[in-house]
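Mapping of the sequence shown onto the working numbering: residues 252 to 584, in sequence order.
You can take every hint at face value.
Heads up, simulated SDA-like pairs for lysine to any residue below, C-alpha to C-alpha not over 25 Å straight-line:
1) LYS481 - ASP470
2) LYS481 - GLY535
3) LYS481 - LEU494
4) LYS360 - ALA394
5) LYS386 - ASN357
6) LYS386 - GLY370
7) LYS360 - GLU384
8) LYS386 - VAL403
9) LYS481 - TRP353
10) LYS360 - ARG450
11) LYS360 - LEU383
12) LYS481 - GLU564
13) LYS481 - ASP287
14) LYS386 - GLU323
15) LYS360 - MET447
16) LYS386 - GLU421
17) LYS386 - ARG366
18) LYS481 - PRO432
19) LYS360 - PRO405
20) LYS481 - CYS521
21) LYS386 - GLU359
22) LYS481 - PRO294
23) LYS386 - LEU356
24) LYS386 - LEU351
25) LYS386 - TYR317
26) LYS481 - PRO413
27) LYS386 - LEU396
28) LYS386 - MET326
29) LYS481 - LEU497
30) LYS360 - PHE350
31) LYS386 - ARG450
32) LYS360 - ARG374
33) LYS481 - ARG471
34) LYS481 - ARG543
35) LYS481 - MET517
36) LYS481 - GLU434
37) LYS481 - GLN514
Since the hints were derived computationally from the structure, they do not count as laboratory data.
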Amino acid sequence: MRFSIRLNNDLPLADVVALAQTAEAAGFDQFWISNDLFLRSAPVILGAVGQATTRIELGIGILNPYTIHPGEIAMIAATLDELTECRFNLGLASGAANFLQWVGLNQEKPLAMMRETIGAIRRLLAGERVRLEGKFLQWADEAYLRFDAPRVTPIYLGALGPGMLRLAGELANGVLPLLFPPEHYFGVMPLLEAGMQRRSPALADLDIAACLWVSLSEDREAARRVLAEKIAYYGPSLSPLILERLSLTREDFEPIERAVMAQNDMARACQLVDERMLRIGVVGDPEALIDRLQPLVAAGARHLSFGPPLGPEPLAAIRLLGQQVLPRFRDSQ
Numbered sequence: 252m253r254f255s256i257r258l259n260n261d262l263p264l265a266d267v268v269a270l271a272q273t274a275e276a277a278g279f280d281q282f283w284i285s286n287d288l289f290l291r292s293a294p295v296i297l298g299a300v301g302q303a304t305t306r307i308e309l310g311i312g313i314l315n316p317y318t319i320h321p322g323e324i325a326m327i328a329a330t331l332d333e334l335t336e337c338r339f340n341l342g343l344a345s346g347a348a349n350f351l352q353w354v355g356l357n358q359e360k361p362l363a364m365m366r367e368t369i370g371a372i373r374r375l376l377a378g379e380r381v382r383l384e385g386k387f388l389q390w391a392d393e394a395y396l397r398f399d400a401p402r403v404t405p406i407y408l409g410a411l412g413p414g415m416l417r418l419a420g421e422l423a424n425g426v427l428p429l430l431f432p433p434e435h436y437f438g439v440m441p442l443l444e445a446g447m448q449r450r451s452p453a454l455a456d457l458d459i460a461a462c463l464w465v466s467l468s469e470d471r472e473a474a475r476r477v478l479a480e481k482i483a484y485y486g487p488s489l490s491p492l493i494l495e496r497l498s499l500t501r502e503d504f505e506p507i508e509r510a511v512m513a514q515n516d517m518a519r520a521c522q523l524v525d526e527r528m529l530r531i532g533v534v535g536d537p538e539a540l541i542d543r544l545q546p547l548v549a550a551g552a553r554h555l556s557f558g559p560p561l562g563p564e565p566l567a568a569i570r571l572l573g574q575q576v577l578p579r580f581r582d583s584q
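Make a model of the complete structure from these sequences and hints.
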């Protein structure tokens with residue numbers, strides 16, 4: 252069984268470093284940071300975290316090839332592996348279409364783009380000259396890294412929709428499916444398994460990180476508030492597959508999106524987050540979380556990934572996870 256912590260890139264750098272050190276001490280295997288647009292830069296954050304930790308694997312979840320060129324993504328991956336002595340994992344995805352629109356970018360043919368991007372980055376990291384005449388990537392013979400990458404960095408695909416989940420099963424080293432709610436695991440697995448039918452035997456087993464949102468605290472109202480903030484900000488970007496499982500629609504989030512983006516009123520937005528939306532994550536104490544996790548583990552989940560907000564006091568939440576949740580599942584086979 253593996254365990255990871257995921258954070259958004261909205262926290263002060265010093266706080267993220269302290270959280271990563273706490274996660275390492277608590278026994279977590281991986282620490283992931285997002286690279287959401289117009290927040291702090293995840294590559295810079297992980298540079299600091301890499302210097303402040305010694306064992307825990309580090310990952311960016313995710314970079315996308317629309318705002319960062321795949322050639323530069325390969326540079327980032329190789330350099331962070333060099334810095335961390337090969338503790339880096341590269342999270343890739345096509346990005347959220349509505350966020351890309353903020354900067355005038357269209358998410359054109361994301362599946363084809365991701366397939367070409369994964370292949371190109373792996374070839375660059377393997378030291379090849381990467382001449383390409385793809386649908387999206389048109390590279391000359393001069394496309395190659397001018398230094399030796401430490402290794403071909405593992406690629407985790409951030410996947411929400413059916414096509415991307417199947418692509419992850421086929422091509423990725425790992426996958427970061429957002430299980431909103433946790434029970435969405437049972438909808439995700441058949442799609443990953445369909446992709447695995449086309450998987451090359453040269454690839455190792457797929458690391459399926461069951462990505463949850465949790466908010467742990469004895470003060471349930473405080474825990475609810477910080478989870479509601481995440482739901483208010485990211486809920487409008489959720490895939491139709493997730494919304495369907497929650498019996499929600501895109502229109503349900505429109506008043507919330509207006510409160511956040513147009514009115515800049517997060518308090519109002521949180522009031523509009525209803526109980527159906529709150530089921531996106533897990534709110535409460537460790538036992539409430541364990542109850543939601545047990546069916547997933549019984550069904551075969553072998554990597555539990557705990558994401559933001561973690562709780563009103565994230566450091567305390569990571570310690571709670573390490574003390575009360577990880578031991579309950581550590582020896583699961």
